[in-house]
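J.: Chains as they are written, first to last, in the numbering used here: chain H, 18 to 421; chain Y, 38 to 204; chain P, 2 to 185.
It should be emphasised that the hints constitute simulated quantities derived from the structure, not laboratory data.
Hints may be right or wrong, so weigh each one.
To be verified - Listed next, the in silico BS3-like pairs over lysine-lysine satisfying Cα-Cα at most 30 Å (straight line):
(1) H:K341 with Y:K185
(2) H:K80 with P:K133
(3) Y:K170 with H:K115
(4) H:K211 with P:K133
(5) H:K118 with Y:K105
(6) Y:K197 with P:K71
(7) Y:K197 with P:K10
(8) H:K167 with P:K133
(9) P:K97 with H:K167
(10) P:K97 with H:K58
(11) P:K71 with H:K214
(12) H:K167 with P:K176
(13) P:K157 with H:K201
(14) Y:K185 with H:K118
(15) P:K6 with Y:K185
(16) Y:K128 with H:K80
(17) H:K115 with Y:K200
(18) H:K115 with H:K303
(19) Y:K50 with H:K80
(20) H:K201 with H:K123
(21) Y:K48 with H:K80
(22) Y:K200 with H:K118
(23) H:K341 with Y:K48
(24) Y:K50 with H:K115
(25) Y:K170 with P:K157
(26) P:K6 with H:K200
(27) Y:K197 with H:K341
(28) P:K133 with Y:K197
(29) H:K80 with Y:K197
(30) H:K123 with Y:K197
(31) Y:K185 with H:K80
(32) P:K30 with H:K167
(33) P:K133 with Y:K170
(34) H:K115 with Y:K48
(35) H:K80 with P:K97
Stated by the list, open to error - Label pairs and their calculated CB-CB ranges:
(36) P:Q78 with H:D120: 39 to 49 Å
(37) H:V275 with Y:S47: 34 to 44 Å
(38) H:R222 with P:Q78: 30 to 40 Å
(39) H:R222 with Y:N122: 30 to 40 Å
(40) Y:K200 with H:S156: 13 to 23 Å
Where is the CB? At the ideal position from N, CA and C, for every residue including glycine.
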Amino acid sequence: MADKFSNIGGVGSKVNEQELTTLNLGPIHPATHGIFQNILKVNGETIIECEQTVGYIHRAFEKIAEHRPFYQVTPLTDRLNYCSSPINNIGWHLAVEKLIKADISKRIDYMRVIIMELARISDHLVCNSVIGVDMGALSGFTYVFQWREKIYDIYEEICGARLTTNIGRIGGFERDFNPAVHKKINEFLKEFPKTYKEFMSLLERNRIFMDRSIGVGGISAERALNYGFTGPNLRACGVDYDVRVFDPYCSYGDFDFVIPVGTGGDVYDRFMVRHQEIEESLKMIKQAHDNLPQGRHYADVPEFYLPPKEDVYTKMEALIWHFKIVMGESDVPVGELYQAVEGGNGELGFYLVSDGGRNAYRLHFRRPSFIYYQAYPEIVCGGMISDAVMTMSSMNVIAGELDA
Amino acid sequence: MALTSEIVLSKIKEFLGDDLFSSNESFGMLAVIVSSSRNYDLLEYLYKESSLEFTFLTDLTGAHYPDKKGSEFEVIYHLHSLVHNYRLRIKCGLPLENLDIRSMVALHSGANFMERETYDFYGIIFTGHPNLKRILNVDEMDYFPMRKEYPLEDQTRTDKEDKYFGR
Amino acid sequence: MGELKTNIKIVGEPEGIKGEGFFATSLSKVIALARANSIWPLPFATSCCGIEFMATMASNYDLARFGSEKLSFSPRQADLLMVMGTIAKKMGPVVKQTYIQMAEPRWVIAVGACASSGGIFDTYSVLQGIDKVVPVDVYVPGCPPRPEQILDGFMKIQDIVKNESIRRRSLPEYKELLNQYGIE
């Protein structure tokens, strides 16, 4: 390798292999989306070593969760993968509902699927458009963010918030979908594919994009599995592991969708896998929305689901339940469980240990970004710095999920 | 052939003998409590055994049970056999006086950060880990914050009064 | 497409004496006008508020129309440090170092509840507000604040820039403030 660069300094000069430059990528850097630091040792443009430092946004979620009742943990889960917070919220609710053995109706499941797939589209849109931005293709970003605003409109109609949604409650939803939600979903399903096609036509068969992304930042399926990769990064390597299929939750078994896989695990494959997942999510939203069953928007768990306010002010039992829930007198079963959902980045797991008290005894989040970020030095060493930047943005490392 | 908890449990019992302390099945997942000295052997056996193939380490974490004298700390492994679609939980108890346990990095590369995180939070030492130092907290921190005896809030903060926050 | 708006508000001229072919005003007003409408922010985006900032930069809310077309990632070329998101204690020295590298005139806006006061994270690892390490000019509350709120905070910064002394750095109160933070 030294011979390839031995004439850079002029005729007859030799690059001393021991003289490596240290380059600091982060923690604040336009290339890193989120704050984490990579200290690269480079020889010219080739990376020899990479040392990572994370923890710049460690907010001690797991410790906070031990000091908060179950329903107050939902806003914390929002801030894990904040590009697709509804998935985290609903994953947490599923974990608690598993613990209390709640019986969730199909209507609630389908409503949850619609919201989760919208969140997945929102997350993949950020990742794909930012891959473009990192290459210099800024127009796609502005097209796509306009449509994320429409997704935010739908969230606002359902729960009132745009980004950190705190959507749903343990046992269902706080309010049913009103007619405006249905109208907005229909408009989204009708109008979004057109703009999305324009965005993809900018990048999909673009010579510059393909040259910069095919063969760059690849990892083999064996190494990816050994590192614990999940999600689009693993599916780009060719392994079709998706929690929605292996361990169906929320009636995902009722829907007709395919899992896109790539072959080489490189940047282009990750981009295309995410693109195809957006298409599959659109199909799922349409199926769920067209076949939305009738029913109530919350399950029968009076110990955890706050009764409607009109009942609280007029009926005695409702008042007592309200008091019990807020003051923490509900009976919580003892047990430990692991619930996994397919987040935007992969398998988001909740390991919950309950000792019967108001707070969780131990809550651990299995965060996909934390786990696949470990593979970054192995992928990047031996390549160029600009390839390292592309690999970073295609892996979609979200800092909130990295550090928790 | 689909894996069931009886098959998995009998194979683990056959391999470990007395080092398997107990097992239970809750919420659809089998959990076994084993001796912490055999953790690497057990995970390697589960990895390499052709009928089991637990090749995917889903999660590695710790927990602190100050009331369980003799095994106050626990290291919890979640394994997944992708071929058979079967999940398993393995727990190893560690006493407060001796928090050493063998690292799994040689077998699963993904255990690297997870063990550092468990060390950072609980002080559990993973012997054989290539780079066991703090990962999420500041390097100068001198205590292990997730242990139950330490409070959540920073005790040196001046702008928030505990009485207004219900603490 | 919609009708073309003809009553678009553009930046007005400051007070001064007008005449045929000339306009006389004080130098400080002109400089303040120029500074306020060409602020180059440094987006110090750490978490969720960073995504709302990306939405503010995008075409729907568009920060560029206020003069911030160029985001500068180098502190030496930035005017406004926009800290968006939670700052952990590990990150505190980085914020301070970034602030020290900025050349005068410089302003700081703390976007979001976490940057203003620690937000919902009252824990051992989170800095309870960036005003523990750097002096802050404007706080934008919210979790996360809507893009309109971020723009409102930005417009308040523009007000500060327009109305304060153009040699703020030599005022004794400012020097006293920086000394409290240990910054010369």
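J.: None of the hints should be skipped; say for each whether it holds.
T.: Evaluated hints:
1. H:K341 with Y:K185: holds, 26 Å
2. H:K80 with P:K133: Distance of about 23 Å is within 30 Å: holds.
3. Y:K170 with H:K115: violated, 36 Å
4. H:K211 with P:K133: violated, 48 Å
5. H:K118 with Y:K105: holds, 28 Å
6. Y:K197 with P:K71: The given pair, whose Cα atoms are some 38 Å apart, is violated under the 30 Å limit.
7. Y:K197 with P:K10: violated, 43 Å
8. H:K167 with P:K133: The given pair, whose Cα atoms are some 38 Å apart, is violated under the 30 Å limit.
9. P:K97 with H:K167: Distance of about 37 Å is beyond 30 Å: violated.
10. P:K97 with H:K58: holds, 26 Å
11. P:K71 with H:K214: holds, 29 Å
12. H:K167 with P:K176: violated, 47 Å
13. P:K157 with H:K201: violated, 34 Å
14. Y:K185 with H:K118: holds, 28 Å
15. P:K6 with Y:K185: violated, 62 Å
16. Y:K128 with H:K80: Satisfied, since the Cα-Cα distance of roughly 21 Å is no more than 30 Å.
17. H:K115 with Y:K200: violated, 35 Å
18. H:K115 with H:K303: Distance ~27 Å between H:K115 and H:K303 Cα, so the pair holds.
19. Y:K50 with H:K80: Not satisfied, since the Cα-Cα distance of roughly 35 Å exceeds 30 Å.
20. H:K201 with H:K123: holds, 22 Å
21. Y:K48 with H:K80: violated, 36 Å
22. Y:K200 with H:K118: violated, 36 Å
23. H:K341 with Y:K48: violated, 46 Å
24. Y:K50 with H:K115: holds, 29 Å
25. Y:K170 with P:K157: violated, 44 Å
26. P:K6 with H:K200: holds, 29 Å
27. Y:K197 with H:K341: Holds: Y:K197 and H:K341 sit about 28 Å apart, inside 30 Å.
28. P:K133 with Y:K197: holds, 14 Å
29. H:K80 with Y:K197: Holds. H:K80 to Y:K197 sits at ~19 Å (cutoff 30 Å).
30. H:K123 with Y:K197: Distance of about 45 Å is beyond 30 Å: violated.
31. Y:K185 with H:K80: holds, 9 Å
32. P:K30 with H:K167: Distance ~41 Å between P:K30 and H:K167 Cα, so the pair is violated.
33. P:K133 with Y:K170: Roughly 28 Å separates the two Cα atoms, so the pair holds.
34. H:K115 with Y:K48: At roughly 28 Å apart (the allowed maximum being 30 Å), Y:K48 and H:K115 satisfy the hint.
35. H:K80 with P:K97: OK: H:K80 and P:K97 at ~27 Å, within 30 Å.
36. P:Q78 with H:D120: 39 to 49 Å: violated, 59 Å
37. H:V275 with Y:S47: 34 to 44 Å: Holds, since H:V275 and Y:S47 (Cβ atoms, about 37 Å apart) stay within the stated range.
38. H:R222 with P:Q78: 30 to 40 Å: holds, 37 Å
39. H:R222 with Y:N122: 30 to 40 Å: holds, 37 Å
40. Y:K200 with H:S156: 13 to 23 Å: violated, 54 Å
Going through the hint list in order, the structure does not satisfy hints 3, 4, 6, 7, 8, 9, 12, 13, 15, 17, 19, 21, 22, 23, 25, 30, 32, 36 and 40.
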